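Colleague: First to last, the protein sequences are chains R and S.
Once you know that position 310 of the first sequence is 310 in this note's numbering, the rest is easy, because the numbers rise by one and skip nothing.
Once you know that position 105 of the second sequence is 1077 in this note's numbering, the rest is easy, because the numbers rise by one and skip nothing.
These aren't lab readings, by the way, just hints derived from the structure by calculation.
Quick caveat, the model's predicted, so the values are computed rather than measured.
Every residue gets a Cβ at the ideal spot worked out from N, C-alpha and C, and that includes glycine.
Some hints here could point you the wrong way.
[As the list claims (entries may be wrong)] DEER-style ranges, computed between Cβ atoms:
{"no.": "1", "chain 1": "S", "residue 1": "R993", "chain 2": "R", "residue 2": "V615", "range": "47 to 55 Å"}
{"no.": "2", "chain 1": "S", "residue 1": "A1079", "chain 2": "R", "residue 2": "R298", "range": "26 to 34 Å"}
{"no.": "3", "chain 1": "R", "residue 1": "R57", "chain 2": "S", "residue 2": "A1181", "range": "28 to 36 Å"}
{"no.": "4", "chain 1": "R", "residue 1": "L652", "chain 2": "S", "residue 2": "A1089", "range": "43 to 51 Å"}
{"no.": "5", "chain 1": "S", "residue 1": "Q1005", "chain 2": "R", "residue 2": "A53", "range": "20 to 28 Å"}
{"no.": "6", "chain 1": "S", "residue 1": "A1079", "chain 2": "R", "residue 2": "Q553", "range": "36 to 44 Å"}
{"no.": "7", "chain 1": "S", "residue 1": "G1032", "chain 2": "R", "residue 2": "G697", "range": "41 to 49 Å"}
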Amino acid sequence: MTDLNELERRVSAARRDVEGRGETFYPGPSRVHLASFPPKERWDDWVELDSRAWPEREEHRYMLVPTTCFNCESACGLLAYVDRDSMQVRKFEGNPEHPGSRGRNCAKGPATHNQITDPDRILYPLKRVGERGAGKWERCSWDDALDDLAGRIRTCLQEDRHNEVMYHVGRPGEDGFTERVIASWGVDGHNSHTNVCSAAARAGYAFWTGIDRPSPDYANADVILLISAHLETGHYFNPHAQRITEARQRGAKVIVFDTRLSNTATHADYWLASYPGSEAAVLLAVANYLIQNDLYDREFMRRWFNWQEYMVKERPDEDASFAGFEAALKGLYTEYTFDFAAQESGLDADVIAEIAQVVSTAGTRLSTHNWRSAGAGNEGGWQVARCLFFLNALTGSVATPGGLHPNAWNKFVPKPIHVPSHPQTWNELNWPADYPLAMYELSFLLPHIMRERDARLEVYFSRVYNPVWTNPDGFAWIEMLTDPKRVGLYAALTPTWNETAYFADYVLPMGHGAERHDIHSYETHDAQWLGFRQPVMRAARERLGEKISDTRQSNPGEVWEENEFWIELTWRIDPDGELGIRGFAESKANPGTKLTVDEYYGHIFENSVPGLPEVAGAEGRTPLEYMRQYGAFEVTPLVGPLYEERIGEEQLEGLAEDLFGRVYTSAPAPAPVNIVPTGAPEPDADGRRAVGVRVDGEVLRGFPTPSGRLEFYSPTLAQWGWRDAALPTYIKSHVHPERMDSGQVPLISTFRLPVQIHTRSANSKWLDEIAHTNPLWLHPSHASEIGVATGDLVRVETQTGHFVVKAWVTEGIRPGVVACSHHMGRWKLHDSGQRQLMATADLNNDGSNWGLRRLRGAQPFESSDPDTARIWWTDVGVHQNLAFGVHPDPVSGMHCWHQAVRVSRAGEGDDYGDIAVDTERSREVYREWLGRARGAHEHSPDGTRRPFWLIRPLKPNREAYRLPEPVSRDGD
Amino acid sequence: MSELLRCLAVLVEPPGAETERIAALLDLPDTPQGWEYNAIFLEQLYPYASVYLDVSGMMGGEARDRIAGFWRALGEIPPPEPDHLGTLLGAYASLADAAPDGVEAPAKRARAAWQRARAAFLWEHVLSWLPLWLAKLEQIGSPTYVAWGRTLGAWLTSEVAALRLPEGLPAHLQAASDLEPPGDDAEAFIGSLLSPVRAGFILTPTDLASVAATAGVALRAGERRYALKALLAQDAAATLEGLAELAAAPPALAGPIGVYWRQRSLRTSRLLRELAAAAR
């Protein structure tokens, strides 16, 4: 007879023994522990059969080296399969040790292999020969480029021309790294892409919580409400989509607002094809239903809304009790009936009522999300996120299981080895006083602001960014970049060719995801983790005992990584330390020598990541070795509602409290462990710092807002000229029917194609074969009205010009609305450049009239990759953004992407891909939108340029916030 | 016993590097080899409950849905193959682990609820077919897998003794229809013979080879339905007689589930003999 107890004891002891050694007891594709990945203890020597050799059994031995994807911001974990014989990366698969992506990837992750083997990639530093944009280049040395850049920057700093140095970032790498580099130079020159991306949604969230990103706990939600195509393309769609899918499998309901039938909409229980810009009206109708039927979480609101401040400041004559607030609240949204929302959105009132009912059943398990989409499309789009969060606030689903968490609590940013102080300058080119509440830099207005103020940049960096192609009004960028009076030197830091780099003085090759270092942490779920991107060949060769001191030694050609580049550049700007800058690029272990990336990351992992040294030590590794081996670390598996955290007694010295329960302390602040950016509430008049908020007698952590509570009423908005928008409200979009001329329809230009990612993925042959065009979506009724069928050419007239594109007639779009994806229409002016997904085009210019005409599309070509001879597609889409004027939202600063356009059959002489724009007209559009702004000079309540408490990626010191004299606008 | 169960479950997967370690821990006579695994799990006894419990006799169907429904009822997401034997054993181990410790009333109540869930899972989705499957494995398996099956059987017996099991037949068995009437549609009848839950016995390729040898007809290479049709076409009476012999010797299984399988099998045997007589 089998002794089961003895067997159980024996198995149990064996498992403990094996797992105690850090190995996996049940490796292989077992259903028992779901270990369908190569077990981590075999990552140094993993054997797979060569599929191409089948039926022969040809074994290949690999080293599996983790890194993270660089294609979208999700930063999903990748495992590079490095062939031990050839020492080449053969493929990328998911990293099962990554807490965010959990071993799963979208198509863009494995396509990293296309990018590192792209025959058209830039392998060496290039210097312009001839005029900017002439397409003539010569190879130069890194030393030459660095010395030129460093010399010019040093001169700017010495001559107090700090604002002539600017860095413009597209895809961010490491949280805060370059911001710190620039801050160490004393320059306020950080410019991001955020105002063409997510600034609107950020504003909506920041005015509520003091934290500018949402972190939905999808996996545990009962109702998921998406204002986006988030399952297929959003931030952080792969980690999020897998958790939404889990929730759906549990029976959660998914509601999707999308004018198009996106892939996400096809997976929804409720697809709401609302009229663009009406989303906030529908959300407020849902809110009104919850309010009128007492379906809100009364206790949560009482504790956490800043209702008292609202009543005192805005309704001083009314009952200021919570009951009084409830009464007021019931009156605030009565106009948002289902019928009103139906009238605005074109949806059926009964459907909206059903949605409201579904939301009311979610309890505290309501997950919502808006990032771009309606937020990024419309004037007032920031109120979409504000109204959406209102539903979470009403239902109490804030930082609950299945609810919505502020991202800063689901993200971990460790303290680095050097932290520079805040610059003492303020750069009006990025942060004009016209837009004091803008969430991020007004980057897309740069050509207009430069011209208007007759400004100059001595050194302009773009970093994995392509403003000529990505931003609206690209011809204005070309005008700026080709004018030597405006730009002294332009250096494009990029892994691949792009439209903007053609106008650079230096093109400096930067590494792809498998060729560079970064650490990052994103809000994929209610947890905190840290991922490590690393140059995989460097890591692989180091595993074999080689010592590599410069990543160029292991990267292809002279491709570099940015961290080493910035350290080297900083060192050369101040080689003798005279400017006080060099210290930020200096080793702590060996003063007087340059900081290495090993020391930089080794310091962070050793000193700034709680728990990592212990876990690494248990395996006999240093923290850096651990991260190089596994690529990720989970700092905290569950965070929860931090606002309910009680403030410790040691922090409650010398307390002061304002009328609304905001608590200030004179106790010193404990050293922060997690330096993730959040709002920074102002101290009180006596300089005591805001420490918490009193709720029912206890001092709790609260939110990083001025009041410490959820700001249903934003005193910031009210004080800075936007009292009419201080509560969650509905702002009629610039494409609202009332604001459109006869014959105009809204064009939705904000959506992405699931497998492509802005500029960066054009060098991925697998992705290009799947998606390479962007026809105009037209409803059959609309197509019939103008007499076009699928494949016909149509001319789309915008405010500044027109473009010619193919029609795609589909019922997947709301009648009277058209849509065109912004991921396509790549072009090059010369034969050099990226050839898989770029048309060759001719650029012509006459005064302010610009035109782009396609000469030929993609073609097969011979190269080191035999697949390039098999390119079968010629169509690469149309670059519509060139024909868009700039639309800065007067509050958030976000470019409002939707366009009011006229669509007609293409005429004689119109060719596919044609673009025509009058940049004089684009300047008028700029001024027209500028007229809607409420500037700091007129509305600042305290003589500053911007509320100090709001997040700013590179924050100058407080003195720099003081408003200067109004600037002259005679440059134009 | 969850540690042991997980180990047993690993061996329902193709042998890997861990197999040697686990075989030694379980005192198996040898380490299972790839060819042995293929012979048993890919050719003879597919390790999916739905093959034995669904009226189609194939993977998936309502039987798999019922098993997935159990996961949903617990608020869990069903795995892609919820009826795979490895998954079932892993799930059972997790149920056993999930019962909370503690002596307070809430913990006791919760533990009792988990115990009930565990017993229901065992009864409905494991005991409903696994003893029959193990009996067949005993007949046709390699010594190594037979030894593995005996340990699994011993574990099953200990669980039956330890738990208070539901009364009445599992839903899979209650829902099973009888064999298709032989006269109407020969294809359907043959299909139902290959459905264990309808016929009451498991008909493996080895069984068909044995029937062919006894009947003195050729076994054509192919999947079971094809092979069986070829046997019937050559000598219907001898083939039906051979099948009846197989069905007439059901394994001795305990309890109402055992009664179900025995009765079904014997009923099928009688029917096959009548048909054989008619064919002569």
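Colleague: Each hint should be assessed against the structure and marked as holding or not.
Modeller: Against the structure, the hints come out as follows:
1. S:R993 / R:V615: 47 to 55 Å: violated, 25 Å
2. S:A1079 / R:R298: 26 to 34 Å: Holds, at about 32 Å.
3. R:R57 / S:A1181: 28 to 36 Å: holds, 30 Å
4. R:L652 / S:A1089: 43 to 51 Å: holds, 48 Å
5. S:Q1005 / R:A53: 20 to 28 Å: holds, 23 Å
6. S:A1079 / R:Q553: 36 to 44 Å: The hinted range 36 to 44 Å is violated for A1079 (chain S) and Q553 (chain R), with Cβ atoms some 60 Å apart.
7. S:G1032 / R:G697: 41 to 49 Å: violated, 59 Å
When the structure is compared with the earlier hints, violations turn up for hints 1, 6 and 7 and for no others.
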